[in-house]
Each structure stands twice: as C-alpha cells, then as structure tokens.
Amino acid sequence: MKKYFLISLILVATFSISAIDFPYDSGYGFEFSGKSDSSQLVGMSIYHKIGDLSFLSPGVEINADLSVSSKGIKFGGIRLSGMLDLFYLENKVFSFISTNPTLWSPSVKVGVFWDYQFYSTVTLEVAVFRFLEKDFIYEWFSPFVNFDDNGVNSWGLTFCRFTYMCL
Amino acid sequence: MKKIIITILILMITFSVFAESENDTSNFLKDIGFAIGHNENYFDGNYEHGLNLLLGLDAGLTEKLELNFMGIIEMVPTFVQDFSLGLEFNYSLLGERVFSNRNAGMGMNSMVGFGLYCNTHNEKNIFMPTTIVLRLYPACVGAPASGKRERILPMGLAYNFMTKDISMFFSIAIYDHYIKGTWKTNYR
Numbered sequence: 000m001k002k003y004f005l006i007s008l009i010l011v012a013t014f015s016i017s018a019i020d021f022p023y024d025s026g027y028g029f030e031f032s033g034k035s036d037s038s039q040l041v042g043m044s045i046y047h048k049i050g051d052l053s054f055l056s057p058g059v060e061i062n063a064d065l066s067v068s069s070k071g072i073k074f075g076g077i078r079l080s081g082m083l084d085l086f087y088l089e090n091k092v093f094s095f096i097s098t099n100p101t102l103w104s105p106s107v108k109v110g111v112f113w114d115y116q117f118y119s120t121v122t123l124e125v126a127v128f129r130f131l132e133k134d135f136i137y138e139w140f141s142p143f144v145n146f147d148d149n150g151v152n153s154w155g156l157t158f159c160r161f162t163y164m165c166l
Numbered sequence: 000m001k002k003i004i005i006t007i008l009i010l011m012i013t014f015s016v017f018a019e020s021e022n023d024t025s026n027f028l029k030d031i032g033f034a035i036g037h038n039e040n041y042f043d044g045n046y047e048h049g050l051n052l053l054l055g056l057d058a059g060l061t062e063k064l065e066l067n068f069m070g071i072i073e074m075v076p077t078f079v080q081d082f083s084l085g086l087e088f089n090y091s092l093l094g095e096r097v098f099s100n101r102n103a104g105m106g107m108n109s110m111v112g113f114g115l116y117c118n119t120h121n122e123k124n125i126f127m128p129t130t131i132v133l134r135l136y137p138a139c140v141g142a143p144a145s146g147k148r149e150r151i152l153p154m155g156l157a158y159n160f161m162t163k164d165i166s167m168f169f170s171i172a173i174y175d176h177y178i179k180g181t182w183k184t185n186y187r
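First to last, the protein sequences are chains A and B. For the first sequence, numbering that gives the first Met the number 0 begins at 0 and goes up steadily by one. For the second sequence, numbering that gives the first Met the number 0 begins at 0 and goes up steadily by one.
Keep in mind the hints are simulated off the structure, nothing from the lab. There could be a bad hint or two in this list.
Reference listing, derived: stretches of chain A covered by chain B, where coverage requires no fewer than 3 residues with Cβ under 8 Å from a Cβ of chain B [to be verified]:
1. 92-100
2. 106-113
3. 153-162
Footprint (simulated), chain A over chain B, 3 or more residues, beta carbon under 8 Å [what the hints assert, rightly or not]:
4. 35-42
5. 70-78
Where is the CB? At the ideal position from N, CA and C, for every residue including glycine.
Given only the sequences and the hints, what does the whole structure look like? Please build it.
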C-alpha cells in the first residue's frame, strides 16, 4: 500500500505543472448543492489558497448555505474545511467545456459542518471536476459525506461552485 | 456629378455580396448537441426536495424551432430512483437560432418551450405520459455555430394531468455542447 502511495505521489509530482503563478490567493464563490436530509442548498463560499506548491497545495474554505424548498428558505449550515489541491494538469480531457484554457486540479476537502441546529459533523468532499482559470475556479458534481459518531450522517452533491478569485 | 454617381453605383454593385443560394440548405437536423444541467421542482409532492440532474439531446428543426429530448434524474436525496423522460419543442423569441446560409445564428436569445414528460408520478405508479410543461429560457448565451450554449435560469410550470397537480420548476443553468452545426464542423 505504501509502495503504491509513493508511486502515485511520484507520478503526480512528475506530471503536475510546476510554478503555478495565479495572480490572486483568495476569492468568493456561489454554490448550488443538495443534501440527503435537506432540500436544495444555495450558498456562498470564501476560499483562501495557503500554499503555492506544484502539487498537494493546501487551502481553506468557508461555506454558508441556505436551504430552499417549497416550505420556504431557512438556514442550511456552515462548513469550515481545509483542502489539498492534488495536482495541476493542463486540461486536455475536459477542455471542450470552457472557452479559455484551464487547469484540471482535483481537490480533497476535510472539515467540520454545522447544520441548522448547530449539530456538528465531520465532512469530506471530493471535487474531481475542478478547473482553474486565472480569475475563476469552477467545480462540478462534487460529492460530499458528513460523518458523526454513528457513521454517515448525511451525504450530498455539490452541483456547481463558481469561485471568483479577486484578492 | 453624374459620372461620380455612376462610378459609385458600379463600385457598389461590384463589391456587393451575392446571395449564397448554392449554400442554402435545410435546417432540419443541421445542429445536434448534448445538454447537461440542473432541474428542481417546487410545490410538487411527487418530487423530493434535493437535486435533479438534467440530461438532454438537442436537435435543430427549423431556423427558430428545436427539439429537446430530456431526461431528469434524481441525484439527491435518493440516488437515481426517480426519473422523467420527455420531449420539448423550443421556439426562439429573439431571432433565428441558426440561419439557412453560412451565417451564425443569434448569440444571445430567449426561448419558450412546450413539452410532454413521462414518469411514474401517477396513481398506478407506472411509467407513462403524465406531465406537460411550459418552460421559459430567459437568457440563452451562445449558439450552435459557436459550439456551446448556456441556457441561464430557465423556469416554468408543470401540469400533471394524472394527479391534477400544478408545480413550478427552475434550473440554474443548462449547458449545451454541439457536435454538429458548429464552426468546426459546418462553417470552415
């Protein structure tokens, strides 16, 4: 297992684009998601990139959601997570979805989620379809799972998250 | 003065563009594309509140009319347990979506759609036509010729004639990716 991990790490380090020089480290975004025990969530997020590594680059993100349903709009929850950008690859495979050239940078996010009753759970999100532009980060179809002492508390899917990098 | 006018007239005729009658073709299936987007129904007891994925196939019929074959699949809270399939005819409101000649269609448009959906939202719980929809696409950015189109914030009304329910629905966006009728395939 350790061997495979090391080989994967070397491969990622080899193919990842070095010297990523984006002009901004922070930004804010809008997101639309659905959670298994709730309704559709509409939210805002703030993202800050901590490191500037060519792979496994760290960052932090705060998300606040509103739950929208036929019954009305209510507070959906807050999430604070740390994240790692696994690698940065020139986006050849999914280049058809954007006009501008983008980098493909999957990310793993781990953090704490407080729901509308401020019940806290550990949250894990995997943003596979995450693409970077100079000023924007686009994320599509990112599944997430919230865990508590009894195992899986809830799960969901972030349909899209658009982050505008401006600071 | 007369000489100048005649010269200008001759120049205008000389440089005037001839109608490309030899390139005029039918618009039937001139453009074909795939659609992916989001769909959410409100005030409808048949839909759980969550997230629905919308997948579709777009086919151009005329300069202003297109046919969409749509599938709406529930992703959250139950994964792929409820789905609807339907056909929608969309009519462009702000000009031609494509032209018969080699010119591209309007890059910014609005559309109105009318369709029929099949699902199991009926008393017998069998898959059959149940719902008619009226959908408005307030902003469509892009065109088949450019290869991409984003239908932003489409919304509408659905009437389930089996259960006599009226509901409303909306999408954040529907993204169309064209494989035929684009500048890559048809215009160069």
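*Are there three or more residues in the stretch 106-113 of chain A whose C-beta lies closer than 8 Å to some C-beta of chain B?*
n = 0 at 8 Å, threshold three: violated.
*Does the stretch 70-78 of chain B contain three or more residues whose Cβ lies closer than 8 Å to a Cβ of chain A?*
With 3 residues closer than 8 Å to chain A, the stretch 70-78 of chain B meets the three-residue bar; holds.
*Check, residue by residue, whether the stretch 92-100 of chain A contains three or more positions whose beta-carbon lies closer than 8 Å to a beta-carbon of chain B, and give the verdict.*
That given contact holds, which follows from 3 residues of the stretch 92-100 of chain A lying within Cβ reach (below 8 Å) of chain B.
_Just to make sure I understand the rule, a stretch counts as covered if three or more of its residues have a C-beta closer than 8 Å to a C-beta of the chain. Does the stretch 35-42 of chain B meet that for chain A?_
holds (count 4)
*Under a C-beta cut-off of less than 8 Å, do 3 or more residues of the stretch 153-162 of chain A approach chain B closely enough to confirm the stated coverage?*
n = 5 at 8 Å, threshold three: holds.
This entry does not satisfy hint 2, going by the numbered hints stated previously; all others are met.
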